[in-house]
Amino acid sequence: EAQVTQNPRYLITVTGKKLTVTCSQNMNHEYMSWYRQDPGLGLRQIYYSMNVEVTDKGDVPEGYKVSRKEKRNFPLILESPSPNQTSLYFCASSWGTSGEQETQYFGPGTRLLVL
Amino acid sequence: AQSVTQLDSHVSVSEGTPVLLRCNYSSSYSPSLFWYVQHPNKGLQLLLKYTSAATLVKGINGFEAEFKKSETSFHLTKPSAHMSDAAEYFCVVSEYGNKLVFGAGTILRVKS
Numbered sequence: 001e002a003q004v005t006q007n008p009r010y011l012i013t014v015t016g017k018k019l020t021v022t023c024s025q026n027m028n029h030e031y032m033s034w035y036r037q038d039p040g041l042g043l044r045q046i047y048y049s050m051n052v053e054v055t056d057k058g059d060v061p062e063g064y065k066v067s068r069k070e071k072r073n074f075p076l077i078l079e080s081p082s083p084n085q086t087s088l089y090f091c092a093s094s095w096g097t098s099g100e101q102e103t104q105y106f107g108p109g110t111r112l113l114v115l
Numbered sequence: 116a117q118s119v120t121q122l123d124s125h126v127s128v129s130e131g132t133p134v135l136l137r138c139n140y141s142s143s144y145s146p147s148l149f150w151y152v153q154h155p156n157k158g159l160q161l162l163l164k165y166t167s168a169a170t171l172v173k174g175i176n177g178f179e180a181e182f183k184k185s186e187t188s189f190h191l192t193k194p195s196a197h198m199s200d201a202a203e204y205f206c207v208v209s210e211y212g213n214k215l216v217f218g219a220g221t222i223l224r225v226k227s
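Chains as they are written, first to last, in this note's numbering: chain F, 1 to 115; chain X, 116 to 227.
To be clear, the hints were calculated from the coordinates, so they are not data collected in a lab. Check the hints yourself; a few may be wrong.
What the hints assert, rightly or not - Here are the computed lysine-lysine pairs in the DSS-like style, where the Cα-Cα straight-line distance is at most 25 Å: (1) F/Lys69 - F/Lys57; (2) X/Lys184 - F/Lys71; (3) X/Lys183 - F/Lys69; (4) F/Lys65 - X/Lys214; (5) F/Lys57 - X/Lys214; (6) F/Lys18 - F/Lys57; (7) F/Lys57 - F/Lys71; (8) X/Lys173 - X/Lys183; (9) F/Lys18 - F/Lys71; (10) X/Lys184 - X/Lys214.
Produce the complete structure using the sequences and hints provided.
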């Protein structure tokens, strides 16, 4: 089944404790992206990647890191989480960036609570 | 920069009555526009997509949306609401490079 998977789905952590949220897609998509969802704000892009070893900042990159060493994986790293990073996180992927290829498919989400 | 405004944060309809979720956008060029739906505690599912072909776009589950360039609108409609339509709906515009810009969302409540 074609899908985007995220792990973990739920995570409670404490301020300053490094964590990684994994994202994997099995559709051979070139483009991958991370978003965070906060009430009343919709989803905002954190980072994106056009292809392996190519990443760039979105609208809210502060406090996050990403890497794209393999085409299928795009982990989100919080080196020193803070309470304002408590949010619902979504990973998404697409074939490309225009026309029929631009439709993004979303993972199930990771709910993070930073105490 | 592109932006999306969903005109209603909450919409309440009775089962079997029409649904209208309103969306206005701003864009400096011909945009791609989407509607996504998020059911409680679920991920986002694509409902439909506009990419400058037909202005009336049909999606899944009986939803459709009409692109009106003169009004910069992309409203989502459904002739008859079902209880399973209760969810949060996001209007989305795609910027250059496939960055998605989301509206704040509209929560649809369906009363029996």
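Let me make sure I understand: some of the numbered hints might not hold for this structure. Which ones are they, in numerical order? Violated hints: 2 and 3; rest satisfied.
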